[in-house]
Amino acid sequence: MDWQTLASKLFPGGHDIVEHDSFLSGSGQVDAGAGADAAARTVAVIGTTGHAPIGIEIALAQAQAVLRTVREHPGRAILILVDTQGQRLRHRDEMLGINSYMAHLGKCIDFARRQGHTVLGLVYDQALSGGFITSGLIADACFALPQATIRVMGLPAMARITKVPEDRLTELAMDNPVFAPGAENYLRMGGLQAIWEPGPGVESTDAAAISLPDASASSSASASASALASALAKALAQVEPTDRRMALGEARGGRHMAQAVAQAVRTGGDVRPA
Amino acid sequence: VSSYLERGARGRIPAIFDAGSFEEFLGPSARVVSPHLAQLDVPVSFDDGVVVGRGLLGGQRVFGAAQEGGFMGGAVGEVHGAKLVGMLGRAIDEGAQAVLLLLESGGVRLHEANAGLIAVSEVMRAILDVRAAGIPVIAAVGGANGCFGGMGIAARCANTVIMSEEGRLAMSGPEVIETANGVEEFDSKDRALVWRTTGGKHRYLLGDCQVLVADDTGAFRAAAIAAIEALTGAARSGAAALTLDALQAEQAMLERRIRDFGALAEPMDIWRQLGVPDPAGVSMLEADDFVAMAAGHRAGPVTGDR
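Protein sequences, first through last, are from chains S and H. Here the working numbering is used: position 235 in the first sequence is 235, and no number is missing along the way. Here the working numbering is used: position 181 in the second sequence is 181, and no number is missing along the way.
It should be emphasised that the hints constitute simulated quantities derived from the structure, not laboratory data.
Computed from the model, here is a short list of chain S residues facing chain H with C-beta under 10 angstroms:
1) A63
2) Q64
3) A103
4) F111
5) M158
6) I161
7) T162
8) A258
Far from chain H, by Cβ distances over 10 angstroms, these chain S residues were calculated:
9) M1
10) T5
11) G13
12) F23
13) T42
14) G50
15) Q147
16) V239
Each residue gets a CB set at the ideal place from its N, CA and C atoms; glycine is no exception.
One chain only, chain S, in its complex shape (with noise of 0.2 angstroms):
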C-alpha cells in the first residue's frame, strides 16, 4: 500500500503529510470519536517511504521531527511509519558514524515515550534489521500490515554469512518464526503487538463503535478505511510505555526462552522455559 492510500485510510479526518527525499513528516486527525478534544485527535506522523535506506541525513531528519513534535506539541502522539530496505551501506556513512545517527534517533524517540508522548509503530511496506531497529522496534509497540515484510537479512545473504546451507534455511523458514520474514512471524514472536487488517469486515465491531465521525462517507472507502483508523484509535487508547515483547513471545509461543532468561538473571531465580 503506497503511503498516500494509508494516510487517507488512518486519517479519514484529514492530515497534512508530506514527502521529502522519502522522509515523511506531518500530522493527521484520529478518528477518536465524537467525546475527544481537538488536540487528542491530532497525532505527529514521520517516517520513510520507497523502501528508503536508512542514511545519515534521513535518520537526523526523523530525529528532528521528533523533538519539534516534543517542543512544540507536548504529549501530542507519534505514528512512525516504517518502508525501509535497511540502514544505508555506504562508507561515508560509516565514516560519519552512522550508529550515532541511528542511536540520536532512538534515543529521541525514547524520550519522547518518557515525556508521555505514546509513539507507535506501522509497518505498512517493509522493514529491515538497521532502519527498524530505532524505528518501529523502539516505539511503544510496533504494528503491521499483514502484507508486511520484516527481517533481518534475505535468506541468500543469511546463508553466506551463517554457512549454513541455503536449502536448510529454506526448509527452517517454513515454519519456525526465527528464521521466516514476515508479520504474523514477529507478531508470534512479540516484536508486533498486533496486525492491522485494512479490509472490510475485519475489526468491524470496533469500526462502528469508534469511527462514528465519518460514517456518512463514501461506503467503499470508509468500509476499509475506518478499520484501519479505528485499529489507530484503539492503539492509541490502550497501548503501554512498558516493554512487554518478551512476555508476549512466550505466551505466543514464538519466543520461548527470552521472558524465562530475563526474569531469571533479574530475580536471582532459575529458568523455567514456558
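Position chain H against the provided structure of chain S, taking the given hints into account.
Using the frame of chain S, we list chain H on its own:
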C-alpha cells in the same frame, strides 16, 4: 601492561572490576543455552556468549556485562539478549551506582535472525530504562571483533563510550558494504582504511567516543571509574538521564558533522579539517600522545552527557 584486546570476556571482568568482587548471574553452570543453534548444527556455549552480573568498581556497586567475541563474534541471540535485559532491569531494582558494558559484538546473531533483532532492540530500550532511572551506563569497546550492527547503536545509547585505538565502532561491517556496493565503495581488505573509518582515534576525533585509552585493562578500568565518578558526583545528580537540551545539542552536533564533513571522502581529510597537524602520522601516536595532540581539535563536545 595487560592487553584488553587479547582477553576474553571472562578475562576482562576480573581485570576491570575490583578483585574477587564480581558475582555472575545465571553463569555457565546453569547451562542456559541458545534454543536455535542445534538445528543448524552449530555448537552452543553455556553462557551464550555473555557474562552478566554485579561487582565493585573502585568500591562502587556496579552492574556489568562482557560479551565474548570468541563465541559467534559476540553476536546477540535470544538468550544472550535476555541476559543483558535481565541484568539491566536488576541494576534498576537494586539501585546500582552504574552499569558497565564491555561490548564486543557483530550485532544481531544471524543464526537467530528475527529473535536476535528483537533482542537487540530490547537491550537498547533496557539501557535507556537504566539511564531514565538516573543510573549512568558506560560502554567500553576494545575487543578484536569491534562493536557493530545494533550493538554499535546500543553503545551510543550509553552516557560514555570508552575505546582503545584498536577498538572499532560502527554499524555495517566493511565486508557487508563491499558485498552490497563493491570494492570501490569500501575495500574491506584495506585494513588501514577500515581502521581510519571505524577505529577509536577517528571516533574520538569525531566525538562519538568520549575517552580514548591504550589497549590495557588497567587503563580501561581507570577510565570506567573516572567516567562513573564524573556522572555520579553530587553536582551531577540526575545527569545520567536523557534531557531535551542534551538531545538538541546532539542534534546540532550531528547536523554540523554533515555540514562540515559530508563532502569529504577520506577520514584523514576530516582530521585535517579539524586542524590535526599531521593526519598521516595519527596512526603512529601512542594513546596518551594522541589524546594530547587531539586536544582542541575534536568535533563536538569534549565532556558532558550526551
